[in-house]
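Residue numbers (our numbering), protein chains in the order written: chain U, 1 to 114; chain Z, 1 to 645.
Simulated from the structure, these hints should not be mistaken for lab results. Keep in mind that this is a model prediction, so the values were computed, not measured. In this text, a Cβ means the ideal position worked out from N, Cα and C, and glycines have one as well. Any given hint might turn out to be false.
[Stated by the list, open to error] Selected chain Z positions facing chain U (Cβ under 10 Å, derived; list incomplete): (1) Arg-95; (2) Glu-99; (3) Val-102; (4) Lys-352; (5) Val-397; (6) Arg-440; (7) Ser-455; (8) Ser-480; (9) Asp-488; (10) Ala-575; (11) Ala-583.
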Amino acid sequence: MRKITFAAAAMLLASPAFAADAPGDAARGKQLFVDQGCYTCHGFVGQGGPGLRLAPDPLPAEAIAAYIRNPAGEMPPISAKLLPDQGVRDIQAYLASVKKPPKLADIPLLKAGE
Amino acid sequence: MAEGFDVKRRGFFGAVAAGAAGAAAATLPGSAKAQTPPAKPSVAAPSAAQKAAESEPLPAMEATLIKRSGSDYMVDVLKSLKIDYVATMPGSTFRGLHESLVNYGGNKVPELLTCLHEEVAVGMGHGYAKVAHKPMASLIHGVVGMQHGSMAIYNAWADHVPMLVMIGNTLPSEERRPGAEWAHSAQDNAAMIRDFTKWDDAPVSLSHFAESTVRAMQISTAFPQAPVAITVDGSLAEAEIAGEEPAIPKLGRASPPMGDRGALQEAAKMLAAASFPVIVLDRSVRSEAGLANMVALAEALGAAVVDKGGRMNFPSRHPLNQSTRAGAVLRAADVVIGIDANDLFGTINSYKDRIHRVSEPLTKTGVKLISLGTFGTPLRANFQDFQRYQAVDLDIVGDGETSVPVLLEMVRSAVATSTAREDRVKKLGAAWQTEYDRLRQAATYAWDESPIGVSRLVMEIYGAVKHEDWALTAPGTFLSNWASKLWDITKSYQYLGEGGGYGVGYSSVASLGAALAHKDVPGGGRIPVAILGDGDFMCAPSILWTAAHHKIPMLIVMHNNRAYHQEIMHVQRMAARHARPLAGAQIGTAITSPNIDYAMLAKSMGVSAEGPIDDPAKLGPALQRAVALVKSGQPALIDAVCQPR
């Protein structure tokens with residue numbers, strides 16, 4: 001997560017301005033997250049998988065947009081034509097709405113040494 | 001067997017039968033003839049022609065019984081090799097051998113296993129050999145059966161697993177029935193698999209069959225191990241044995257090759273002098289002794305271990321197991337030794353799937369590379385499973401498990417107890433603990449979600465079996481490797497490893513064979529656990545019927561994510577490159593509309609099942625019930641509707 005934060009911040013400095021538009025819509029973002037196939041690598045609630053964990057506590061929409069337009073890792077670049085900035089904002093709103101998982105200490109199956 | 005029958009007696013019985021039929025015709029109720037008293041004497045004196053027939057050779061007539069056929073002898077050959085099982089989907093090209101296995105051989109050692117597809121018949125031999133450490137045989141129909149089974153042979157080839165493939169055929173053209181038998185015969189049936197088998201033959205006599213089958217077994221089990229094929233000619237199998245039977249040669253077992261002592265000594269010096277040695281493992285361990293030696297080697301060196309997962313090579317919770325930190329330890333390495341590591345290049349280089357594909361070394365300049373293994377020199381050229389060429393500083397040809405004890409002793413003599421080594425071990429241990437805690441935390445995300453998160457799925461299964469004698473039979477790649485990250489895997493049989501050729505369907509068919517081998521373990525009671533992707537499973541769903549039919553206990557858990565997600569990602573990548581709609585990636589990859597009901601499918605084949613389950617809270621209790629069924633000696637399936645990976 002730290003890695004993507006640094007990478008995204010670097011990209012943000014070099015990227016064109018993030019289009020100012022309406023605030024993100026979480027419901028629309030959830031639909032986009034599925035339709036655009038983000039869930040395939042990142043899981044339906046952004047928990048991570050082959051791709052990084054995105055939620056809860058996602059990066060700002062600007063940082064996400066900067067990264068996905070020109071990713072450093074395995075992720076294919078997603079152009080604004082495929083996912084406009086407003087779509088990124090919606091997805092970020094969805095990721096921000098994902099509830100926090102139960103505490104590690106409250107999950108017996110994940111107890112250390114079990 | 002029809003002992004004592006011969007052609008002359010059969011001719012007599014035939015004549016009697018014909019006479020009886022004639023008599024029956026002559027005494028039909030209501031006929032005039034039936035009321036006529038029989039003529040006396042009832043048996044007429046033999047005519048001159050009849051006298052001649054009794055004393056002279058019979059005229060040419062069709063034989064209807066065989067005393068002992070070639071296929072009986074073939075069974076004797078298989079029995080001499082102590083092959084426990086022959087898996088088959090029936091086919092006419094080997095009907096003689098099929099019948100002999102059952103009736104002459106008594107269906108024991110080998111026992112015939114009924115499969116509903118040749119991919120299952122071959123693939124279960126793959127999983128079986130990885131657990132039992134000996135080959136079983138598959139008996140495959142000529143041409144079309146081979147075409148069905150060939151992918152499973154390729155997987156075994158790429159995974160360096162021994163197996164005996166027996167192929168039905170009818171070589172002499174005049175022996176073939178018109179129609180199917182011509183279509184299922186070939187000049188050279190093994191030609192289609194020759195690029196991924198180690199050896200094959202098409203014997204033309206029984207002596208030839210015995211010698212070549214014994215030789216094939218010797219070659220298959222010699223290192224590097226691989227499948228072999230013997231074509232069984234139907235006419236040879238069905239023909240009556242004339243004269244004395246040829247002796248069956250004794251099977252000679254080739255001992256695994258040990259690396260050159262001088263080269264091992266040089267490797268020991270390099271490793272002992274390293275400031276940060278790394279051991280890369282893949283198909284490296286076969287036994288508990290081999291596992292103990294591998295641990296001892298890592299501990300003697302204070303080396304970080306990167307386990308690529310071709311087998312269970314290293315305890316998952318050993319502090320030197322740095323597999324999830326592979327990049328970090330490889331960047332720090334000054335000496336790397338790959339032990340039976342097939343893809344050293346892919347391990348020490350990063351690779352990005354971009355428009356312009358670029359690979360960059362993970363290791364620093366000047367790193368010393370050592371390779372120890374038996375498959376550094378590819379045996380065949382066509383199929384490219386040997387991976388990219390990697391130049392090394394020291395290439396030692398020898399079996400890892402056989403060579404490591406010697407290398408270990410040399411390392412122990414060469415390595416000095418040093419503060420630097422102790423510090424390194426401490427740092428690696430601390431890094432392991434930090435990583436373990438990070439992974440436990442990562443597993444909490446999506447814990448209560450529906451569809452069920454993959455970490456939840458894998459840990460619920462662990463919760464259900466961890467107090468049993470369990471063994472994972474399928475790879476964990478598409479499960480984000482949660483089992484190897486969080487389960488306490490300590491025994492060499494507890495993880496079957498990856499499938500070699502990446503042929504989809506491997507996990508299902510190999511799991512069936514592995515479960516059979518686990519069933520045969522003295523004492524019994526082992527719980528084979530097959531976590532199967534729906535895409536893989538649907539290549540060979542009939543494993544369920546074979547498991548039920550042969551009473552093979554195994555816990556099957558469907559990781560039902562309703563798509564080929566790996567392929568969705570590939571199509572998405574291509575769409576993104578063209579700036580074309582990403583949503584189209586679902587077409588041709590999703591397994592929905594309709595959703596498959598795996599529990600219903602299992603029940604239809606006699607396997608107890610529950611599901612679909614998409615509520616994570618209901619998964620644990622269902623798994624407990626399924627484990628109880630498996631412990632009672634039967635297969636059971638749980639269909640869990642899950643997140644992608």
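Hints versus structure:
no. : hint    : verdict
1   : Arg-95  : violated, 48 Å
2   : Glu-99  : violated, 51 Å
3   : Val-102 : violated, 48 Å
4   : Lys-352 : holds, 6 Å
5   : Val-397 : violated, 35 Å
6   : Arg-440 : holds, 5 Å
7   : Ser-455 : holds, 8 Å
8   : Ser-480 : holds, 6 Å
9   : Asp-488 : holds, 8 Å
10  : Ala-575 : holds, 8 Å
11  : Ala-583 : holds, 5 Å
Of the numbered hints listed earlier, those contradicted by the structure are 1, 2, 3 and 5.
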